[in-house]
Amino acid sequence: MATLREPVPTFAGTPPFPKAAAAALADRQLRENLRRATTTIRDKRARAVAERDDWEALRLAGAAIKDEVLARLPELLVKLEERVTAAGGAVHWARDAAEANAIVAGIVKDTGATEVVKVKSMATQEIGLNEALAREGIAAWETDLAELIVQLGQDLPSHFLVPAIHRNRSEIRDIFRRRMAAAGRPAPDGLTDEPRALAEAARLHLREKFLRARVAISGANFAIAETGTVIVVESEGNGRMCLTLPETLITVMGIEKLLPRWQDLEVFLQLLPRSSTAERMNPYTSMWTGVTSDDGPQAFHLVLLDNGRSDTLSDPTGRQALRCIKCSACLNVCPVYERTGGAAYGSPYAGPIGAILVPQLRGIARHPVDEQTASLPYASSLCGACFEVCPVRIDIPEVLVHLRGQVVRQRGWRQRTLSQEALLMRSLGLALGEPRRLAAAERLAGLAAGTVARDGWIGRLPLPGLLGAWFRGRDLRAPARMSFRRWWARQRRGTT
Amino acid sequence: MSARDAMLGRIRASLADRPPVPGVPRGYRTSSPPDVDPVALFSERVRDYRATVHRRAPADVGATIATALATRGARRVGIPPGFDRALIARAAVEVVVDEPPLARAELDALDGVVTACAVAIAETGTIVIDAGPDQGRRALSLLPDYHLCVVGADQIVGTVAEALARLDPRRPLTWISGPSATSDIELQRVEGVHGPRTFDVVIVEALSPALPDPPAPQEAVP
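Listed in order, the protein sequences are those of chains A and B. Those letters in the first sequence? Residues 9 to 504, per this note's numbering, in order. Those letters in the second sequence? Residues 716 to 937, per this note's numbering, in order.
Among these hints, one or two may not hold up.
Among the chain B residues that face chain A by a calculated CB cut under 8 Å, a handful are [claimed, not checked]: (1) M722; (2) V811; (3) V812; (4) E814; (5) D826; (6) T839; (7) P887.
Hints are computed from structural coordinates only; laboratory data are not their basis. Keep in mind that this is a model prediction, so the values were computed, not measured. Idealized CB from N, CA, C, for every residue including glycine.
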């Protein structure tokens, strides 16, 4: 059987955001691809949402339902386990990535299969399942078109919904021509870069894999605690293939993906498609409860994944990040994401939601985090567009600022007291603490500005460290030669 | 301690501040406005997905199915065991009943499949199949490249909320909104990836109770 021999790249070793972003910004093709894609989907989403005059009511309901899930999580998880088990499924609990990967690998091995087909899933990317299975000699075939492009291109996904958003059509054609043969059925002769032709090539390439697949692995968009029903939302039909044809189905699901009631789908099946693909409804949604005799997989395993979610839950401000339904609307409106793309964030969770979710999943509430993780809450201009489009009203800017505070507090006593930032803040505090000191500082600033300002603006400053870096990207209007307070005092002296 | 107990313990500890369980404000619409004709809206919304929709009186459904299958060039067509065979009797095709269940390769070799549905949703242009006897197991309406679905006008509800209330979550459900599609390449929509690339819907019109004298079924024009 064919396998991809070369090592698959991972996010490990991504430098801190400013450095990764600078590299991404230097790639003109990437910026062009991203700008076109995000603009298109942004406009489409706005139209799809405008069609519903009750959109805000749906958002309020969505946020409340997810908050209820978090508040009742232990009880609802136990109920889900009960219902899935009663319907013939098996439920597994995984504290971290290693435990989840071991559970999945064990189930696959028990079937005797050496390959699996996969439905696109953020949770399995998060835990590095494909690489873990490869180490056990199991080939994992991604079947979502964009994931296939990423996998064949030995690339990293850069968007939840459109993981190959950074690739244009001719790049995709080249990847198919070069790589399909090594993974199975080769690309048709004379393949063009027409999207229709490329989709047809993917259909032919994957059909043979679907027809022979014995084990499938999926994520879950939702699971209903009161019924044990699991739901996967998709467009291409690769999900239906994986969820229907194999004998064994393994679903890896973050514990926050629960919904309490069947009825709650009336909210989320409206919020998700319009927010993510900007459609009234996505082409296919599959729902199943345990196993059904004579229809679909006869063995169903549900793996409930923690991997930092309970840490995230411990922070009353930060826990709202767990409401996320992975629609990707916040990526598409983010001015930072639009320019850097997803790879700069160093995890499958990119964009504004990634910037608040990843540091928390990596335990920032419990212990200091590495430099790359600590840089993520700063990957934002705090413009607030992400909060406005979020279908479950996650106040992303609020959490970003909260996490920045945590990063600063965790940097330790020496850095807290002696870093340039800390010194600057302390001098500022000193100056603002007393009117006479402020007056002196203002006079000083007015004089200093006179020497560096040009036409009333301060541009680049040849300063080392923090101040110089700050001015590299910004122009500041020079402080007035005379402060308002001095002017006011003079006026009063003049009139009395 | 088992992973399960450890996880539940950690989650409980993380909720030590006892966040309140909010009431869910359900101020959104759950039914269509009264002036909306669900059948007309459903037809319009399904067409938006570039699927074909026919609205027919009961007596004309057989002829319409025959024409649709001929137009699509289908020669071997699968049906679920409980599907009304009379509806497909006029079609010049070889009808293959999925009983005993066909092998994957046999399903893959079919030119198309004709099924009924469990419920349909006007606002989103969605049909839902629940593996009932006239809809068949999930693989049947998945592997063939062409799916024709017969929808009773009385099966069409206005909203997602109304559909959920009619469905049984214990059954395997597939919600279908148009043909399979992808926007993964430069966000340009392409119909037809892995699921059926062509999707036709035939709506069987109920005789309107508002009419005092329903016209007699006409045999002639399809």
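What hints, given by number in increasing order, does this structure fail? Hint check: 2, 3, 4 and 5 fail, others pass.
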